[in-house]
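Asks: Chain by chain, the residues run as shown.
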Amino acid sequence: MLSAVPGKPFFFRAPTGDIITVVSLSHKAGPNVPAFRYAGEALDLADVNVGQGETQPGVTFTVLAGRKRLSALAPFATRPPKGEFFFQEVVVNGQNISLALMGSVIPNDPTIAWTVEGV
Amino acid sequence: MTSLRTLAIGFVAASLWPGISHAAGDPAAEVALEVKRIATAIRNIRANPSLDQDDLLASQIAFHSRGQRFFLVYAILRDRWGVVVTPAEVAAASPPDLSAVEQARTDVQAGASASASGSSSLISKGSGPSYFAAAVENGALVKSASATTTTFQGNLIGIFDALSSQGYAADYEDATVTRFLRRFSFSFTLRNTNPDASAEEAATEDSGLTDTIRRQVQQFDQRLEEYSVRAVVGRHRRDPRDVQNLTAIQKLMATSGQQLLEELDEALADLASEEYDQWVTDSVRELKSVPLPFLEGTLIQRLNLLCDLANQKVPNFQDHAVSAYQAYAAFSSARSTVLDEIERRPLFAVEYVNLREPLQSDRSTYRFIAEGQRGRWDLTVNAAYTRYNNRPEGGGSMFRDFQIGAGADRPLGNPDLRGQSKSPLANAVLSVAFLYERLAESATVVFGDRTLSAPPGHLYLGQLRVTLPMGTGGVKMPLSVSFSNRTELIEEKQVRANIGFTFNFDAVAPALRQ
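As you go down the protein sequences, you meet chains A and B in turn. The opening residue of the first sequence carries number 1 in the working numbering; numbering runs sequentially from there. The opening residue of the second sequence carries number 1 in the working numbering; numbering runs sequentially from there.
Hints may be right or wrong, so weigh each one.
Each computed DSSO-like pair below joins lysine-lysine, with the alpha-carbon atoms no more than 27 Å apart [stated by the list, open to error]:
| hint | chain 1 | residue 1 | chain 2 | residue 2 |
| --- | --- | --- | --- | --- |
| 1 | A | K68 | A | K28 |
| 2 | A | K82 | B | K251 |
| 3 | A | K8 | B | K288 |
| 4 | B | K493 | A | K68 |
| 5 | B | K313 | A | K8 |
| 6 | A | K28 | A | K82 |
| 7 | A | K28 | B | K313 |
These aren't lab readings, by the way, just hints derived from the structure by calculation.
Take the sequences, apply the hints, and build the full model.
Replies: Written out as structure tokens, the structure reads:
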């Protein structure tokens, strides 16, 4: 699981080798088809179980050692672009699935990036 | 000095947006506007002290993560062309007009149908407003007697959307029922003058709340000229969630989208470092304590230091910054192409119109609407059948008329300027339409307070219309001239002028959601 580092915006730490899942949610912003990259590689989009019988598009990656960049782009494929996309980490604890908000983007600024430090 | 600066900005714009520079904004103005937005956000954070104030301030200036495009343009302007935004330019920056794109649409009809006593649309369009729209129109097209009418049109689910304030948990994927209901739009048209004014005057002698409500309902009933329901039928090919459209968007994200992320990685990944963390910490400390009149200047100073850091940490930072910005422009352009393709897909709709006239049986019109785009022309075909709801006195036929028509709408001006507020002519729309009506022997019309038999036969109508946007608030003014061989009542050639004002809430909704 990602842990936010106080005083460092959009900066997370996680044990190296942990598997992290991030999903996106379109709030009145058009089709939910985001693009993700981690550590210089494109990540494949898949439907992720977010609990309560719901799925959201997201990606899964294994945390590498050191500081790596995780980035995302929201499509805002409506005319005019509108709404907001939210990015959340899917946290699975036994049978429980919860979502932790990582950030959001709006039409004027559809890209977002985080630093994930593998420790 | 000023001309050199203007030249530099023009050269930057041409370099950053090869082939589409005329459609892009002024990069220095965009940067000034964003500095102003960030400074305003910082002022608001400082005005409301909280335990997480430092984190909130840090998130506003974390340009490795957010505002990446803004920072890259700032760095290119400063380091490559020596253009630095001044606090005075920041103070003068004003936001773009978000309504311009909606203003440029050609596929939405906000007014009444051609059968109303006040209308400016000979042909019914397939799409209704996403939220709601209103129109005041003067002059009949098919009828002999003209009047002024007010039409309200809307989408029930869209109105609930506009009124709701759901949290971010509500996502875009509608329930099946909601998605189905989005296909439906409704309208009702009221006469601006009450045809039964004498009854209205007599009724004003009543008193009390119940009487007042009853009187208002009665007045509404007397003024209601027509109401309609329209539904998109078959596969809704213009819905971005249609399988074909989703596939196109997925392809866009996998190609241009990934290319953009890759270029941003190249330009900014190496910036994430201990020095960057220290820059954020120092910037938060300064922005938190600087006297507010000097906030913009301090922010610009911190941005300059970050540019220096990026040049130091990222090999060939300037080249990567330009590549990333060009990738952003390429993504925006590719997305625009996908959305153009979606708007061009054919659309089919059916419409039911109930026309009410005093002294006569109500009439029902069943209309089929087909719509598509060819080049810059939005093409619409209508076929309609009208019958009386009750058999006319004397036992005539229920059938009243049959109509078939076609129309074409085209935005004027340069296509690359469409949807831009600086180009009002590009948002004006030229329309031509033709309507044929076959009136049955049993057709009657109301003229004054008398019901008259309409001469059976053929009606041919042509219309030339220009719809002008009035400012940026979603108001448009349709001006039209129509030509016909006769009206329903009078067998003489007619030339008529029609004018209206329409308001579409879709145009201002994005601004209200900011």
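Asks: Can you name, in rising order, the numbers of the hints this structure does not satisfy?
Replies: Numbers 1, 4 and 7 - these are the hints that the structure violates, sorted from lowest upward.
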